[in-house]
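Residues per chain are reported as follows:
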Amino acid sequence: MTTAAHRTYEIRCPVYGFVTLNDWEWQIISQPAYQRLRRIRQLAWTDYVFPGAMHTRFEHSLGVMHMAAMLYDGVVERSREILQSELGYIDDGLKRHKALVRLTALFHDIGHGPFSHAAEELFPFRNGNGGDRYVHEEYSAAIVRRYFNDVISNHPLNTNYGFSAEDVANLLEGKPEAGKALFWRDLIAGQLDADRMDYLLRDSLHCGVGYGRYDWQRLVHTVVAVPPTAQGGPRVGVTEGGWHAAEGLIVARYFMFTQVYFHKTRVIYDHHLQGALTDLLPGGLFADPKGKHLDKYLQWDDWHVLGLLQKGKGGEHGQRLAARNHFREVIHTSETPSASDLERLTKWREALGDLLAAEMPAEKSWYKAGPADIQILVDTPRLEVEPLSKYSSVVRNMEPIRQVRLYSRPEQRADAIARIENL
Amino acid sequence: MADIHNKLDRVALIAHLIARAPTKLGRTALMKCLFFLKVLKQVPMPYSFGLYTYGPFDSNVLDDLQYAEALGAVEGTLVEYPRARGYEYQRGPKLEEIEKQAQELLSRYEDSIDWVLSEFGRRSAIDLEMASTLVYIDRVTNGKKARATIADLARKVHEVKPHLSIDTIEREARSLKDKGLLQAAV
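First to last, the sequence lines map onto chains X and F.
To convert a position in the first sequence, counted from 1, into the working numbering, add 1.
To convert a position in the second sequence, counted from 1, into the working numbering, add 64.
Isolated chain F (complex conformation):
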């Protein structure tokens, strides 16, 4: 399927996702939800996620988010977290106007968006970094036609994110596997 190359379509999709989220999404949560939409639900967004210690990331997502904000489709607010401040996003005054221009596309991916939000929309940024890193490594492993045990996957994630404990990563990996979201895990 052709990628969503129209910038307004991508802006509408991001704004729609933010507007439907059960809690206000921060930048990390939005990045990871879009990663899940692309990888787990095959929504054809032209983002190319690379792996960092903070999980899959593509700066083009932030570029599109910034445009969504400039158009008034979303609004960002600076909020306080323990030992940090960051942005959270909610619907903007021009949301409906932007959504209207991408109605057909949004209808096509409505179920996928709702699914991602119900699975991941309430989780913390740190949990989402861990889950998305697991999915990323699982897909790389599967791409090599290899298989990995939960312990193998957890060890690989731990090598990338040594600040997370192996037990925590294994729990997350088992949960993702039980939901059928991992392909290489045995």
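Just chain X, with the same shape it has in the complex:
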């Protein structure tokens, strides 16, 4: 008979069919700080353009755990020798770190603010004013340490592992204390990670676009540990047989970026949300991820913000969000502006003057098309390692997207366009 601690739970998933959790993971996702992810939409206000995009960080987080576990099993199945010779893994260690990777994947987005990435511009600065802002991964790690130690440490399934919240947080943040488990960080936050593999599929599905689809099953069946070479390592890559699938992933990222994440209307709602939150938050910033301040931080989710907006708060930007009356694009640069394009951009800015209401550069967007190279382990007796761009002319010729979009208020758009035309 199965004891309560050994029960498993199946949750329906629109991407994979079912995601299975053990009782330990089930207890974790049942905590209030985890259930909060049900109240944070994955793609913020994207539903104003793609009405189906109402999915949440909760759904995505379960998917990332599922995908990370599949990738983990794939690496172990094909790379046992390398894992043993380069990282000293034997069976028990692999079983132990699989449990850790699943937990880390499950928690990877626990620190998101309301409306996900769109809120991150309002994270406080690490050293007071100026310099680096905190990032959501730091909130994730701090939340795990503060609210989840009991449920992680004291579950019967942890008896053989002895994990604490600190172990999960260390791997999330990339702390040295994670030791050789850092190898698996590639599956959580790397070039071929479960996070982006899941969000491309899931966002594509919910937005109703086909752009984010790629052959993920082939990637799961070709992912490997790439041994250290003169170029460094070890790291996660794919076998030669998987390079077209890896190419498909890179192309899917490019399309999702240009067609969804950096869509001209979708992206201006990030600006309006930031403007509204600046008005709503005490001092215009979220609380920092330290100690009791986290209690205040966790009070902020989509429901809280929507309630305030419904009461007419949030200033001009709040009203624009409530009425779907966004700033309108006046002009944009090419996807990869040349130096002369950037000079022209400066002239556009000058010409628009007070009519320029907002400027949205692609590089500030939350999901980047990003550098596009993955290590390929070539199937020869010498086990050579090659970059994907050596195989794929598509990847080799992809240029980084640095598009800049300029916006005016809707009622001033005609005047703004006239100023550009008169240049």
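Simulated from the structure, these hints should not be mistaken for lab results.
All values derive from a computational prediction rather than experimental measurement.
Treat the hints with care, as some may be off.
Claimed, not checked - Below are the DSS-like pairs computed for lysine-lysine, each with C-alpha atoms no more than 30 Å apart in a straight line:
| no. | chain 1 | residue 1 | chain 2 | residue 2 |
| --- | --- | --- | --- | --- |
| 1 | X | 291 | F | 209 |
| 2 | X | 348 | F | 88 |
| 3 | X | 348 | F | 164 |
| 4 | F | 208 | X | 291 |
| 5 | X | 297 | F | 208 |
| 6 | F | 164 | F | 88 |
| 7 | F | 243 | X | 176 |
| 8 | X | 391 | F | 88 |
| 9 | F | 241 | X | 176 |
| 10 | F | 243 | X | 99 |
| 11 | F | 208 | X | 293 |
| 12 | F | 208 | X | 176 |
Stated by the list, open to error - If you want the footprint, here are the derived chain X segments under chain F, 3+ residues with CB under 8 Å:
| no. | region |
| --- | --- |
| 13 | 87 to 99 |
| 14 | 149 to 163 |
| 15 | 170 to 176 |
| 16 | 181 to 187 |
| 17 | 234 to 244 |
| 18 | 396 to 406 |
Where a beta carbon is used, it is the ideal one built from N, C-alpha and C, also for glycine.
Please arrange chain F on chain X, whose structure you already have, making use of the hints.
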């Protein structure tokens, strides 16, 4: 000091570093040199380096490098190493044009760039992974106001990079300490 948020400034800095390097830099070497510039010379680049088995890494560096290549500030060539191929970079045809737009910034950090290149510009990718991991762990230790012996530091690096021997890591740690580049090491 405010971060270097202007993308063209960062492109110019990366291209300038590549152009002044004593040997062609690969991606790993460039990543680690920028890490050293930020951590050892406090050049305020908005990169957030996290630790991996291959040392400190931020994909935004590769993103900026890709843009530098698209603008013609640098040129990449696929080259062969033992059991691997990878990219090495050199100055591109538009280097001077890009540098001109960031002249003041480049002058401000010229000495820091030269120092990093003279210390690390000729070293192999594997050495740079080891040295940057040591510096990373040293700074994390120092951030906790803790101290560590060379043996402690080497053991911590070995836990992250078990494929490197403790002796090799200790030698590197002693060398970095002798140069005054470690803060927590005693």
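Hints versus structure:
1. Under the criterion of a C-alpha separation no larger than 30 Å, the hint pairing residue 291 of chain X with residue 209 of chain F is consistent with the structure, at around 18 Å.
2. With a CA separation close to 37 Å, the supplied pair residue 348 of chain X and residue 88 of chain F exceeds the 30 Å bound.
3. The straight-line distance between the Cα atoms of residue 348 of chain X and residue 164 of chain F is roughly 19 Å, inside the 30 Å bound, and the hint therefore holds.
4. Between residue 208 of chain F and residue 291 of chain X the CA atoms are separated by roughly 15 Å; this keeps the pair inside 30 Å, and the hint holds.
5. Taking the CA atoms of residue 297 of chain X and residue 208 of chain F, the gap is about 25 Å. The hint holds against a cut of 30 Å.
6. Annotation: proposed proximity of residue 164 of chain F to residue 88 of chain F holds, straight-line Cα distance about 22 Å (limit 30 Å).
7. Pair hint residue 243 of chain F plus residue 176 of chain X holds up; C-alpha atoms about 25 Å apart against a cutoff of 30 Å.
8. Proximity of residue 391 of chain X to residue 88 of chain F is assessed by CA-CA distance (about 19 Å); at most 30 Å being required, the pair is judged to hold.
9. Simply put, residue 241 of chain F and residue 176 of chain X have alpha-carbon atoms about 21 Å apart, close enough for the 30 Å limit, and the pair holds.
10. Distance check on the hinted pair: residue 243 of chain F and residue 99 of chain X sit about 40 Å apart at the alpha-carbon level, beyond 30 Å; violated.
11. Among the hinted pairs, residue 208 of chain F with residue 293 of chain X is consistent with the structure: their alpha-carbon atoms are about 20 Å apart, no more than 30 Å.
12. A threshold of 30 Å between alpha carbons decides the hint, and for residue 208 of chain F with residue 176 of chain X the separation of about 12 Å falls inside it, so the pair holds.
13. Given as covered by chain F, the region 87 to 99 of chain X passes the check, having 3 residues with a CB less than 8 Å from a CB of that chain where 3 are the minimum.
14. Remark: the region 149 to 163 of chain X is not confirmed as covered by chain F, as 0 of its residues place a Cβ nearer than 8 Å to a Cβ of that chain, below the required three.
15. Remark: the region 170 to 176 of chain X is confirmed as covered by chain F, as 3 of its residues place a Cβ nearer than 8 Å to a Cβ of that chain, reaching the required three.
16. With 5 residues having a beta carbon nearer than 8 Å to a beta carbon of chain F, the region 181 to 187 of chain X meets the requirement of three or more and the stated coverage holds.
17. Interface restraint, the region 234 to 244 of chain X with chain F: holds (3 residues with C-beta to C-beta distance below 8 Å; minimum three).
18. Counting residues of the region 396 to 406 of chain X whose beta carbon lies closer than 8 Å to any beta carbon of chain F gives 3, which reaches the threshold of three, so the coverage claim holds.
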